[in-house]
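Please construct the entire structure, taking both the sequences and the accompanying hints into account.
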Amino acid sequence: MRFLTITLLLLTIKMMGQEEDVPLDSIQELEEVEVTATIKKKIETAMKMNVSVDEFLASSDDISFIKRGAYAWEPLLNNMGMERSTITIDGMHIFGACTDKMDPVTSYVESNNLASVNITSGQEGSSHGATIAGNVDLKSKSTPFSMQSNWTGSYQTGFELNNKQFYNQGDIAYSSRNFVAEGSISYRSAENYSDGNDQEVDHSQYKKFNTSIGLAYKTSDLSSLRVDAIFDVAKDVGYPALPMDLWLSRAIITSATYKQFFQEGMVKAWDTKVYYNAIEHYMDDTTRPENLVHMDMPGWSTTYGLLTKLHLSKNRFNSEIQLNAYDNLSIAEMRMYPQDRSERTMFAYSWPWVTTQYAGFSMNNSLEVSEEGELNFGGSLGVNYNHSKYVDFNWIFYPGAPQEKTRWLPSLYTGYKQQVNQFDFSIGIGYGHRAPSVSEGYGYYIYNSFDRYDYIGNPDLKNEVSYELNASAGYSNEKFSLGVNVNYFYIQDYIIGRILSLGSPMNYQSVGVKGYTSLDYATLFNFSLNSSYAITHDLHWNGTLAYARGLDDDKGNLPFIRPLSYQTSLHYQSGAFGFQTTLNGDLEQEHYSPEYGEDLTPAYTILNLSADYTFKLNNYKTVLQVGAENVLNQYYSTYADWGNIPRMGRNFFASLQINF
Amino acid sequence: MKVFNLVITVIFITGMMSCTLDKTDYEAELSAVVTDEHEFEEAASFNSNGYQINLEALNGTLFKGYNELRFNITETASNQAVQNAEITFLPIRRDADEEAYSCPHGYEVTYDSTNDYYSSYAVFDYETATDASWEYYFSITIDDETFTVLQEITVEPQPNMNLNMTAFTGNDGEQYYIALIAPKSPSVAENELIAGIYKYDRPEAEIGSFPDPSQFSYSEVQNATLFLDPRMPEPSMGNHSSPNNQDLTQGDDGLYYGVVNYTMTGNWTLNFILQSSNGDVIKGTEVPTDFTPGVEGERGELHIDILF
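For the record, the sequence lines run as chains A and B. Mapped onto this note's numbering, the consecutive letters of the first sequence carry residue numbers 12 to 671. Mapped onto this note's numbering, the consecutive letters of the second sequence carry residue numbers 207 to 514.
Derived by calculation from the structure, the hints in this document are not laboratory data. Accuracy of the hints is not assured; some may be wrong.
Estimated spans, in silico, between C-beta atoms of each pair [said to hold, decoys possible]:
(1) A:Val285 - B:Ser224: 18 to 24 Å
(2) A:Thr297 - B:Asn260: 38 to 44 Å
(3) B:Ser224 - A:Phe626: 44 to 50 Å
(4) A:Thr283 - B:Leu227: 31 to 37 Å
(5) A:Tyr287 - B:Thr455: 48 to 54 Å
(6) B:Glu426 - A:Arg355: 30 to 36 Å
(7) B:Ser224 - A:Ile224: 15 to 21 Å
(8) A:Asp351 - B:Thr316: 42 to 48 Å
(9) B:Glu380 - A:Asn302: 44 to 50 Å
(10) A:Tyr287 - B:Glu398: 39 to 45 Å
Predicted model only: the values in this text are computed from it and were never measured. Backbone N, C-alpha and C fix where the C-beta goes; we use that ideal spot for every residue, glycine too.
Right, dumping it as structure tokens:
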């Protein structure tokens with residue numbers, strides 16, 4: 012299979028090389044430059060104009076969340092967790108420093124330093140690194156150069172009553188012919204929230220500070236250099252579903268990017284980025300006096316990387332070739348304190364200094380076969396290297412396991428889109444490998460409070476291999492649209508924790524030890540239906556229905572698979588006033604997995620309302636929004652709420668946004 | 207001003223990049239309780255009959271537990287090392303009533319020609335105290351000439367719990383000794399566990415003139431099996447154990463070899479069951495395997511506590 016991949020990749024390069032002598036079309040090329048410079052989307056949902064990154068992602072059909080509290084939700088893409096997807100910021104790889112997944116990458120950014128989020132499902136997302144589920148790329152704000160010097164900015168403030176969340180966010184940008192400077196700053200603080208029974212959920216508070224700065228300089232008419240930095244601090248964050256909270260997490264995310272556009276030739280743009288990010292994460296259990304054992308669990312994750320990308324375009328053919336390399340060092344420690352504190356503490360690594368190095372070469376191509384038909388194809392070949400410095404820890408469960416491991420990770424996909432009058436159809440297939448994550452490969456007694464097992468990584472795990480099918484069909488006219496999306500994954504050597512007969516738990520809440528093992532296969536099916544209808548010019552309706560089913564090789568249920576869920580929303584705009592209401596919910600989770608600590612989650616329905624008013628304040632466009640979430644104050648928890656912690660009850664919110 | 211700004215920026219960035227809490231120095235963590243320095247140094251030196259006898263032990267000190275001993279004999283006049291001596295040695299402890307006892311030891315001292323020293327061992331079961339004074343009786347024969355030496359020695363308390371020992375009366379009524387020899391400085395890893403298992407040989411002959419070696423004879427227990435079950439006794443660890451341990455069996459050198467996995471640093475109890483070559487349990491009981499958070503782990507009848 013590997014041989015086939017390389018051959019195909021080489022063939023693709025060859026095919027492209029042969030097209031070089033065809034004359035160029037400079038008009039098309041200029042359009043391309045334009046398009047690249049003006050990617051701008053709003054980070055807001057149908058309901059709320061000022062949202063956290065998590066709330067924003069939650070509004071996507073493809074994303075669901077495992078929630079351990081009010082903060083730092085773990086995104087699931089196509090019902091698959093962080094191991095099976097890649098989450099990047101402008102293509103940069105960042106890895107959380109917490110063994111308990113308290114800090115997904117999305118927790119280190121803030122909505123006011125992001126411009127958009129690109130979600131790519133399945134192997135089409137493999138250009139950002141080996142993946143099964145796909146890629147979530149968080150695009151940070153990037154103000155384009157402008158002919159006249161100008162200043163822009165915005166300020167948002169808001170309050171949410173249920174958890175007394177208060178936030179202030181500001182961003183400002185200066186742009187001129189050859190220089191851009193922009194920055195953002197944000198601070199949120201929230202106290203404990205209350206559930207639908209008006210009971211306070213202890214340890215659900217948080218405080219988050221985030222700031223970013225970006226400087227760009229136009230080095231020539233067609234090239235520019237840009238440096239970016241994001242600094243994020245979260246302090247005193249509660250995780251009601253976990254036995255520990257967070258004392259402090261800090262991330263510094265930096266990059267320098269050089270862009271070069273070309274007026275002639277097939278190569279239209281060349282984009283190179285070097286980056287560095289460092290994350291530190293310190294858990295805290297001193298706020299949990301009920302814990303029998305006091306533990307320190309600090310974690311660190313440092314990543315260096317390089318990203319270089321060529322954009323080629325020729326008549327109806329577009330291609331993006333990318334080289335992606337990074338080096339990550341993940342360290343996590345645990346130190347348990349005996350009841351008699353004068354006694355010796357007990358120390359072990361949960362991540363024994365694990366280095367991951369990855370280098371991947373990928374390409375995405377699209378060919379417009381006709382006015383209506385488009386063929387997309389591409390793939391990548393990556394090499395993934397792991398090294399465990401204190402491999403002694405891994406040898407306790409897997410004696411003689413190699414200290415170093417190199418894996419080849421190929422990926423291929425192709426898809427075809429066809430437009431027939433007002434209908435559009437697409438079909439695609441994909442094939443790809445992924446390497447086990449640091450925890451799956453090298454984790455050591457990582458306590459999972461969901462199924463209450465200590466998890467042990469296995470350095471000898473096989474690559475997980477995905478075979479994927481996807482299809483979509485849609486219809487749209489001026490007033491009505493309807494779309495169906497399905498995908499099916501057959502995942503060979505699916506990695507999951509299975510009870511180990513040897514060893515005994517280390518964490519006092521734990522009931523046993525599970526080792527990451529490969530199932531022969533698992534299958535995952537995702538389905539979504541979207542529809543929109545403009546009832547009148549001012550009144551719009553939107554509806555979504557999603558369903559997923561995940562099975563292991565024994566036809567048992569996989570954990571964290573979303574039951575049938577729905578969302579329906581109405582939006583009414585009358586002059587400066589806007590009203591929106593959404594109703595969303597899940598049906599009963601029939602297909603739960605008791606083996607992984609799940610139980611039957613009942614159905615729930617949540618009603619939300621909001622209204623906004625746009626006006627001029629001293630000539631600045633200002634929007635005021637008020638609303639209520641969970642208006643009926645329903646007590647509920649979803650299928651993916653860790654330990655069935657209840658979600659927030661009725662919540663009133665008000666926010667103000669001023670643009671200048 | 208520009209330089210000033212730059213300096214401020216650099217300081218700011220360095221401040222942000224440095225960690226809030228330091229990472230643990232793992233090597234220092236492992237040597238926090240047990241030092242990894244184990245050099246053979248001179249423990250005693252004495253002259254007799256024109257010869258100088260040097261005794262070397264780990265760190266130059268004799269401790270309670272297993273002690274590997276190395277001797278060198280030099281002819282004082284010629285300053286020549288003597289390689290063909292026949293040496294026997296007998297450690298004797300006297301209690302407050304001047305009653306004499308010994309401990310497991312290598313009576314016949316053998317010459318190790320590859321390393322150029324005479325080697326033996328002693329498993330001291332008591333440290334020197336007011337009611338326990340130790341002395342060595344050497345009998346040295348060089349070129350058919352035999353002389354004896356009596357040397358008083360001091361046995362220090364064992365500072366390294368990984369070299370602990372236990373003495374007990376077996377179910378067969380015999381006196382047994384188990385002494386840990388390795389790992390001297392364990393780590394969170396698979397550790398090769400080496401122990402010496404000895405037994406007091408009941409004298410059959412009449413008591414001869416003191417010191418009569420037949421009254422103080424010990425031997426290595428042959429072909430026994432030492433079943434191993436390591437546990438963390440700390441209450442918060444809930445009777446935690448480790449996987450993939452190997453019971454100890456006898457190697458060619460007479461010592462017993464097995465594998466112990468320590469999953470984290472701290473206090474561990476090695477629970478043993480000693481089974482004779484014909485399958486009888488000499489000593490030891492099974493420990494419960496229940497996970498009991500908050501309760502101090504139960505120790506078996508036969509166990510040795512270690513700490514690293």
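Q | Numbered hints the structure breaks, given as an ascending list | A | Number 2 - this is the single hint that the structure violates.
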